[in-house]
Amino acid sequence: MEGTEKIFSGKSRDDVDAQFRRFLDSAPTDVWTLGMEYREPDNESGQWQLIFNFHITSVEDPCTVTARK
Numbered sequence: 000m001e002g003t004e005k006i007f008s009g010k011s012r013d014d015v016d017a018q019f020r021r022f023l024d025s026a027p028t029d030v031w032t033l034g035m036e037y038r039e040p041d042n043e044s045g046q047w048q049l050i051f052n053f054h055i056t057s058v059e060d061p062c063t064v065t066a067r068k
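For the sequence shown, numbering that gives the first Met the number 0 gives the first residue as 0, with consecutive numbering after it.
Simulated from the structure, these hints should not be mistaken for lab results. No residue lacks a Cβ here, since even glycine has one placed at the ideal position from N, Cα and C. Accuracy of the hints is not assured; some may be wrong.
What the hints assert, rightly or not - Computed Cβ-Cβ distance ranges for the label pairs, DEER-style:
1. N42 to G2: 23 to 31 angstroms
2. E36 to K10: 16 to 24 angstroms
3. T3 to N42: 28 to 36 angstroms
4. P40 to K5: 27 to 35 angstroms
5. R38 to T3: 13 to 21 angstroms
6. N52 to P27: 28 to 36 angstroms
7. R12 to E43: 12 to 20 angstroms
8. D14 to N42: 13 to 21 angstroms
9. E4 to P27: 12 to 20 angstroms
10. N52 to D24: 17 to 25 angstroms
11. E39 to E4: 13 to 21 angstroms
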């Protein structure tokens, strides 16, 4: 299944996690997690990143495993 990629960036891992939690809280339906990857800051950006690959599912779809809010 092909998903959507969203990148969260912040000064710390806590900043990135907070952005991610806000995103999940605001999702209109359930989110099916296809993959997640944290990237530590590099010398250029100095930013933590969370690369989140997901698929928005319908609540009526009984065949999916979802990450609940």
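- Which hints, by number, does the structure contradict? 4, 6
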